[in-house]
Amino acid sequence: MSLLEVKDLAVHFGGVKAVDGVSFDVSPGEVFAIIGPNGAGKSTIFNLISRIYEPTRGTLRFDGKDITGLKAHDIARLGIARTFQNIELFDHSTVLDNLLMGRHTHRATNFIQDILFLPKVRREERAHRLRVEEVIEFLELEAYRTKMIAGLPYGVRKVVEIGRALAIGPKLILLDEPASGLSVEETQDVAFWIEDMRRDMGLTVLMVEHDMSLVNQVSDRVLAVANGKPLAMGTPSEVQADPQVQAAYLGTAVEDAA
Amino acid sequence: MRIVFKTSYDKDIDLHEHGWSRAKIAVLAAIMVLLPFFVGEYYLAEAANTLIWALAGMGLMVAVGHTGQVSLGHAAFLAIGAYTDSALMNAGLPFLLSFPIAGIVTGIFGAIIAIPAVRMSGIYLAIATLAVFAIVEELVILLEPITGGVGGIMAPSIQIFGISFDRYGALDNFYWLILAIVALVTWGYANLMRSPTGRSFLAVRDSEVSARALGINVTRTRSLAFGLSTGVTGLAGALMGHYIGFYNYELFSIFISINLLLVVTIGGLGFIQGAFLGALLITAVPQVIAIARDGLNANFGIDLGGIPGLDTMIFAVILILFIIFEPTGLYGRWLKIRTWFEIFPLARRDMFRRQKSYLKTERMK
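For the record, the sequence lines run as chains Z and X. Quick note: the first sequence, position 223, residue 222 per numbering that gives the first Met the number 0, numbers continuous. Quick note: the second sequence, position 218, residue 217 per numbering that gives the first Met the number 0, numbers continuous.
Hints listed in this document are in silico derivations from the structure and should not be mistaken for laboratory results. Since the structure is predicted, the reported quantities are computational estimates derived from the model, not experimental observations. Please note that the accuracy of each hint is not assured.
[Stated by the list, open to error] Simulated pairs of lysine-lysine, DSS-like, Cα-Cα distance not exceeding 30 Å: (1) Z:Lys119 with Z:Lys146; (2) X:Lys23 with Z:Lys146; (3) Z:Lys70 with Z:Lys170; (4) X:Lys335 with Z:Lys146; (5) Z:Lys70 with Z:Lys6; (6) Z:Lys16 with Z:Lys64; (7) Z:Lys119 with X:Lys335; (8) X:Lys5 with Z:Lys146; (9) X:Lys10 with Z:Lys146; (10) X:Lys5 with X:Lys335; (11) Z:Lys146 with Z:Lys64; (12) X:Lys23 with X:Lys335; (13) X:Lys23 with Z:Lys119; (14) Z:Lys70 with Z:Lys16; (15) Z:Lys146 with Z:Lys6; (16) Z:Lys170 with Z:Lys6; (17) X:Lys10 with Z:Lys119.
[As the list claims (entries may be wrong)] Away from chain Z, derived, C-beta distances all over 12 Å, residues of chain X: (18) Gly18; (19) Ala22; (20) Val26; (21) Phe37; (22) Ala133; (23) Gly148; (24) Leu176; (25) Ser199.
A virtual CB, placed ideally from N, CA and C, is assigned to each residue, including glycine.
Work out the full structure, taking the sequences as your base and the hints as a guide.
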């Protein structure tokens, strides 16, 4: 059974059909990539899955459960974590606090217990910290633990955002352009981490990415979209060989080749 | 420079990073407790007033500093706290009951107001809270049987287990009572900020969209923050009523709201310590101006007593200077000075370049 099922998904903003009839499913343990030219609707698909946008039609099922009617803040509890294309971290907090905020869905205390800082709160804090330290170790963020986000280099922030998503302890992680703005070495790190997430943590990864070398390296299947419509789906090489996909990226590529 | 060697997660969870900072707080607490033995009635009353302002400032800090919700209506919540407490005491309830009830009533009122209001942010929220202030002010006048209307109301003398805490009859006791309340609230506030609830406030302040993606219910978090904020402000209002003794709606004017905003902005947004530094400034400056005015008159024959609005003007200039030159407030400035000494001689000019103020929440797309 597939972990995430997207069926005939569409969202229209007035006359603009940002996403129009996209269907795909992601199997557990799979790395699934969505590619497409700028403005194709890739990030919009992400925003639909994380319930920031209301779909005009179509259904979303996660783990066999219909999530189309849920609120944005209910999604994380089900085990769906995400990162953002333009980093959305909490700038005035430390790396550690940012990761701890990722543990919100696991909180077991209410605000009155928090104000009194009952022994239970301390116990919970220790447990969250332990979990967050595992993420810090995995992503090698030890050197930045107590640094404020606002002063960190771009590449590190990108990694912290992945870390915050991992701190949720998700089943499915949505990575919105994890390699954009990263150097070749940093992109290679991301590739290894994605492999490890799948192999060691048993995560399913859905990502939007422009860097085709990363897509080729890590993804099992690729969906190409353009103008909100699906073009082709299959292995990375199949999709890149598809004449429609080449046309969407290069315009006249098909005619030139002929 | 001090390097703290951490050997357990508890060191990060504890309120104080090292023994030295714990000792500093202990010394400060000792000085505050022993204050009545060193200073006269006038300065002790001023100290009590400063503590009340710090309490109200902490209340507003939760909203403005830690959740990014600007409120111009907090004078209304001071009023609700004060009137609830005084009215309940006039009805025969003891202070030990009426005081917490005043806080809870104000908090619930604030949280209810917040449910529609939290959908707004920035300047729109400020205007909405200003409207709440106007409504509450009218209500106070209209509810004459409870509030005494325009004529005003008497805040009864405080008695706890037969001991008098009267503002005039037993000023020492009154001061200690306020000190204890302020210490308790500060402790609770500090606890809140090191717990999941406090972190969810900061998350909502800095990025609503990713707060949602992490499973934080933004509306509920913001109204909880606003409720806690107004609850603490209500407690401060109750104490303010007792401090003044006899008051009417004019005590809680719009200028009180603005002064409270000054307390948190000048003190340092996002720092509990900022509420105290801001309160110190806001209560001390009028005194300093008064003393300076008398001095000028006595020594140089310059009479500034006839100039209306001089205090307000000086306040305004101070606020503008702070917003332009030190957006992180007095506490931010203190942190910089401390860091400069700690890493001496390694401080660089641009070390603190990356700083932004918190007064922005228009991030939600």
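* To do: Verify that the Cβ of Gly18 (chain X) lies farther than 12 Å from every Cβ atom of chain Z, and report whether the claim holds or is violated.
  => 19 Å, holds
* Does Lys70 (chain Z) pair with Lys170 (chain Z) here, judged by a C-alpha cut-off of 30 Å? -> With a Cα-Cα distance of about 18 Å, the restraint between Lys70 (chain Z) and Lys170 (chain Z) holds, given a limit of 30 Å.
* Take the C-alpha atoms of Lys335 (chain X) and Lys146 (chain Z), compute the straight-line distance between them, and say whether it is at most 30 Å. => Holds, because 16 Å separates the two Cα atoms, which is no more than 30 Å.
* Proposed proximity, Lys64 (chain Z) with Lys146 (chain Z) (alpha carbon, max 30 Å) -> Violated. Lys146 (chain Z) to Lys64 (chain Z) sits at ~39 Å, over the 30 Å cutoff.
* Asked: Does Lys6 (chain Z) lie within 30 Å of Lys170 (chain Z) when you go C-alpha to C-alpha?
  -> The hint holds at about 20 Å.
* **Distance restraint between Lys23 (chain X) and Lys146 (chain Z), which requires alpha-carbon spacing of 30 Å or less** => Roughly 25 Å separates the two Cα atoms, so the pair holds.
* Are all C-beta atoms of chain Z more than 12 Å from that of Leu176 (chain X)? -> 20 Å, holds
* When you check the alpha-carbon spacing of Lys70 (chain Z) and Lys6 (chain Z), does it fall within 30 Å? -> 19 Å, holds
* **Non-interface claim for Ala22 (chain X), where every Cβ of chain Z lies beyond 12 Å** => 21 Å, holds
* Going straight from one Cα to the other, do Lys16 (chain Z) and Lys64 (chain Z) come out at no more than 30 Å? -> Status holds; Cα separation ~26 Å.
* Asked: Phe37 (chain X): least C-beta distance to chain Z exceeds 12 Å?
  -> Holds, since 33 Å exceeds 12 Å.
* Asked: Is it the case that Ala133 (chain X) keeps its Cβ farther than 12 Å from each residue Cβ in chain Z?
  -> Ala133 (chain X) is indeed farther than 12 Å from all Cβ atoms of chain Z, at 30 Å.
When each numbered hint is compared with the structure, violations occur for hints 7, 11, 15, 25.
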